[in-house]
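Using the sequences and the accompanying hints, generate a full structural model.
As a plain string of letters, each chain reads:
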Amino acid sequence: DAGVIQSPRHEVTEMGQEVTLRCKPISGHDYLFWYRQTMMRGLELLIYFNNNVPIDDSGMPEDRFSAKMPNASFSTLKIQPSEPRDSAVYFCASSSRGAQYFGPGTRLTVT
Amino acid sequence: DQQVKQNSPSLSVQEGRISILNCDYTNSMFDYFLWYKKYPAEGPTFLISISSIKDKNEDGRFTVFLNKSAKHLSLHIVPSQPGDSAVYFCAASVGGSQGNLIFGKGTKLSVKP
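The listed protein sequences correspond, in order, to chains X and H. For the first sequence, my numbering gives the first residue as 1, with consecutive numbering after it. For the second sequence, my numbering gives the first residue as 1001, with consecutive numbering after it.
To be clear, the hints were calculated from the coordinates, so they are not data collected in a lab. Idealized CB from N, CA, C, for every residue including glycine. Treat the hints with care, since some could be wrong.
Claimed, not checked - So these bits of chain X aren't anywhere near chain H, every CB distance computed over 12 Å:
| # | residue |
| --- | --- |
| 1 | Glu14 |
| 2 | Asn52 |
| 3 | Asp63 |
| 4 | Phe74 |
| 5 | Pro81 |
| 6 | Gln100 |
What the hints assert, rightly or not - EDC-like cross-link-like pairs, simulated, lysine to aspartate or glutamate; straight-line CA separation at most 16 Å:
| # | chain 1 | residue 1 | chain 2 | residue 2 |
| --- | --- | --- | --- | --- |
| 7 | X | Lys78 | X | Glu18 |
| 8 | H | Lys1005 | H | Asp1024 |
| 9 | H | Lys1105 | X | Glu62 |
| 10 | H | Lys1005 | X | Glu44 |
| 11 | X | Lys78 | X | Glu62 |
| 12 | H | Lys1054 | H | Asp1031 |
What the hints assert, rightly or not - Which residues of chain H face chain X? A few of them, derived with a C-beta cut under 7 Å, are:
| # | residue |
| --- | --- |
| 13 | Leu1034 |
| 14 | Glu1042 |
| 15 | Gly1043 |
| 16 | Pro1044 |
| 17 | Phe1046 |
| 18 | Lys1105 |
Written out as structure tokens, the structure is:
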């Protein structure tokens, strides 16, 4: 099993640009989660889906953030427009009635 | 306010000895607890979990203990190996394994040869 796949692994962009992070969950998993990790706040949940439907997006910081899951094997997290304070590592995780399994993360730097 | 606290940012242990990582929580509704290990530039890796109906769960060298009255859990690694050196995160959730996992800030374990 390839595990959770995230792309890109690193993203450097300028303030104001649109950023799209991608995630392919483990096949057969029906839950997908997006997390953000920063030094100040640690790992925090942004949004999660069950069977492609968003269940809880209360962790999404602002309207500049949006997430979609058009099918069971793909999800995106979009930031538009990006700001320097969005710089962090973004993790995607998936699960099926058990522990969540994390991808390697995308390190985002907004200058 | 942190609902899951790991009060020790770091821990150093000699190879072969026991490592004990601690975690405290404040929300009495938490009913599922997990430990994750994280190496630099990688995502957290699931280690072991425990439901609130149990007080102990063991998997090889790793054992998690849950003390509900004290709202405290711990991870024991015996014997510790240099490859165990990583950041360990405690996490908790309400309603079982799905939904919102609340993570602690992590404890960096260093196992010295």
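For each hint, the structure was consulted:
1. Glu14: It holds; glutamate 14(X) is separated from chain H by about 24 Å at its closest Cβ, greater than 12 Å.
2. Asn52: Nearest chain H Cβ is 15 Å from asparagine 52(X), so the label holds.
3. Asp63: Per Cβ check, aspartate 63(X) is outside 12 Å of chain H; nearest 21 Å; holds.
4. Phe74: Check passes; 18 Å lies beyond 12 Å.
5. Pro81: Per Cβ check, proline 81(X) is outside 12 Å of chain H; nearest 27 Å; holds.
6. Gln100: violated (6 Å)
7. Lys78(X) <-> Glu18(X): holds (7 Å)
8. Lys1005(H) <-> Asp1024(H): Distance of about 5 Å is within 16 Å: holds.
9. Lys1105(H) <-> Glu62(X): Violated, because 23 Å separates the two Cα atoms, which is more than 16 Å.
10. Lys1005(H) <-> Glu44(X): Judged against 16 Å, a Cα distance of about 14 Å means the pair holds.
11. Lys78(X) <-> Glu62(X): holds (11 Å)
12. Lys1054(H) <-> Asp1031(H): holds (10 Å)
13. Leu1034: Holds. Min distance 6 Å.
14. Glu1042: holds (6 Å)
15. Gly1043: Where the cut-off is 7 Å and the nearest Cβ of chain X is about 3 Å from glycine 1043(H), the hint holds.
16. Pro1044: Holds, about 5 Å.
17. Phe1046: Given a least distance of 4 Å, the restraint on phenylalanine 1046(H) holds.
18. Lys1105: Because about 5 Å separates lysine 1105(H) from the closest Cβ in chain X, which is inside the 7 Å limit, the hint holds.
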